[in-house]
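For the protein sequence lines, the chains are A and B, in the order given. One point on numbering: in numbering that gives the first Met the number 0, the residue at position 196 of the first sequence is 195, and numbering is uninterrupted. One point on numbering: in numbering that gives the first Met the number 0, the residue at position 127 of the second sequence is 126, and numbering is uninterrupted.
Do not rely on the hints blindly, as some may be mistaken.
Where chains are identical, the list cannot tell them apart; a pair therefore holds if satisfied intra-copy or between any two copies.
Only pairs whose alpha carbons sit at most 20 Å apart, straight line, appear in this in silico SDA-like list of lysine to any residue [unchecked claim]:
1. K144 / Q165
2. K187 / L161
3. K144 / F224
4. K183 / F224
5. K144 / R132
6. K184 / A206
7. K175 / E227
8. K158 / R182
9. K175 / T222
10. K219 / I145
11. K144 / I220
Think of the hints as simulated: they come from the structure by calculation, not from any bench.
Number of protein chains: 2
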Amino acid sequence: MSYTYEYPRAALTVDCIVFGLDEDELKVLLIQRGIEPFEGRWALPGGFVQVDESVDTAARRELREETGVTDVFLEQLYTFGAVDRDPRERVVSVAYYALVNLSDHRIQADTDARNAAWFSVYDIPELAFDHARILEMAHERLRGKIRYQPIGFELLPPKFTLTRLQRLYEQILDTKLDKRNFRKKILKMELLEALDEVETDVAHRAAQLYRFNADAYNEKIRTGFNFEL
Amino acid sequence: MSYTYEYPRAALTVDCIVFGLDEDELKVLLIQRGIEPFEGRWALPGGFVQVDESVDTAARRELREETGVTDVFLEQLYTFGAVDRDPRERVVSVAYYALVNLSDHRIQADTDARNAAWFSVYDIPELAFDHARILEMAHERLRGKIRYQPIGFELLPPKFTLTRLQRLYEQILDTKLDKRNFRKKILKMELLEALDEVETDVAHRAAQLYRFNADAYNEKIRTGFNFEL
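Whole structure, please, built from the sequences with the hints as guidance.
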């Protein structure tokens with residue numbers, strides 16, 4: 000006896016939002032579509048889920064195939080299930096997002112993608128499908144997360160200046176923060192260790208370097224905080 | 000030209016976790032399955048997504064059909080996409096959760112459900128499929144949410160005592176809270192309005208009634224807080 004569901008079914012896809020920080024900007028990884036529909040248009044990396052792979056696996060596979068990016072922690076964001084979001088047919092998409100240190104990841108376009116590149120989240124070309132909305136929701140999740148949990152371990156190099164950390168907050172929150180106030184709040188959280196080192200190869204006066212205290216960082220992920228602007 | 004995805008596809012379902020608070024306990028709405036697989040076993044209300052309805056609509060429809068519950072705000076929780084989570088075939092399920100004031104919702108079993116009933120989240124029968132895990136994740140989400148945002152508007156009657164509000168926190172967090180400390184923290188948030196009324200029909204000394212200040216409540220949803228235990 001079979002209990003199979005014998006009706007027409009939606010196709011299932013995954014889409015990946017990979018955020019990276021370069022020196023100054025919050026960026027997102029996009030691919031240029033090599034096939035119809037939306038051929039030539041930029042889009043989030045992603046594709047169809049195979050019937051014999053988990054949805055999580057499909058997300059990692061598509062990201063690797065389309066951009067060459069591997070070894071990132073993809074967290075599920077949301078499932079987009081509107082009826083008409085894809086011109087081909089009924090397609091439901093599970094979106095995932097990740098934070099990476101941009102310089103760690105060499106990207107290369109592959110398979111269905113003509114091209115892969117990082118774009119500033121504040122200067123995005125017109126995207127295929129409902130990907131602009133998916134990207135907006137991912138950015139919103141990031142803005143929410145930064146208020147409750149420490150963020151930056153994945154985005155920053157191991158040692159960084161307070162200016163760079165502030166720039167990360169400003170980029171995610173899309174707002175200018177007061178330097179003195181930011182430093183006071185961040186240092187009060189006791190997440191950071193001041194190092195006995197300053198930055199090198201800079202034209203201006205070299206600033207002190209910090210790193211995250213891993214124990215304090217993980218504890219704050221557990222207990223949370225409220226970072227009030 | 001067609002761009003249809005011509006490979007075998009997963010079936011897509013929805014599952015609903017509806018939390019309700021009765022006088023003393025956090026409860027969840029379950030249905031007893033009337034069909035195989037897991038016939039007779041308790042499960043989360045849910046079912047297959049039709050190809051011409053959105054996933055959100057499917058969740059509301061299945062909840063209504065299987066339990067009679069309508070007019071609740073279902074928020075998407077997570078999509079469960081492991082390969083072997085359903086013995087029938089490949090099924091991916093999008094889970095939704097909601098908070099309701101239990102006394103507002105008369106439940107009635109319908110269609111594929113033999114029975115529908117509220118169970119204490121701390122006394123759940125063996126569930127069908129991976130529903131125990133889905134329920135656990137929903138409870139975890141609720142525990143996380145209560146730390147960052149006000150909760151209770153949907154779960155409590157319009158006027159309530161501080162004891163009842165404390166009981167809500169204790170039920171969600173599964174821990175005993177110190178009465179004095181809880182009151183101090185909650186009142187400091189300025190979410191509540193003390194009413195010029197006390198509870199009626201009680202054997203013990205009647206306690207003062209409170210209600211949420213809607214403006215303050217909505218503001219706290221926006222700005223968040225950190226409710227440290």
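Against the structure, the hints come out as follows:
1. K144 / Q165: So K144 and Q165 pass the 20 Å test inside one copy only (16 Å; across, 27 Å).
2. K187 / L161: Only inside one copy: K187 and L161 sit 13 Å apart there, 33 Å across copies, limit 20 Å.
3. K144 / F224: both (10 Å within a copy, 13 Å between copies)
4. K183 / F224: Intra 15 Å, inter 19 Å, cutoff 20 Å: intra and inter.
5. K144 / R132: Answer is within; shortest intra-copy Cα gap is 18 Å, inter-copy 24 Å.
6. K184 / A206: Classified as within; 19 Å inside a copy, 40 Å across copies.
7. K175 / E227: within (14 Å within a copy, 29 Å between copies)
8. K158 / R182: within (16 Å within a copy, 43 Å between copies)
9. K175 / T222: The answer is between: 18 Å across copies meets 20 Å, while 27 Å in one copy does not.
10. K219 / I145: both (12 Å within a copy, 16 Å between copies)
11. K144 / I220: both (10 Å within a copy, 14 Å between copies)
In summary, this structure violates none of the numbered hints.
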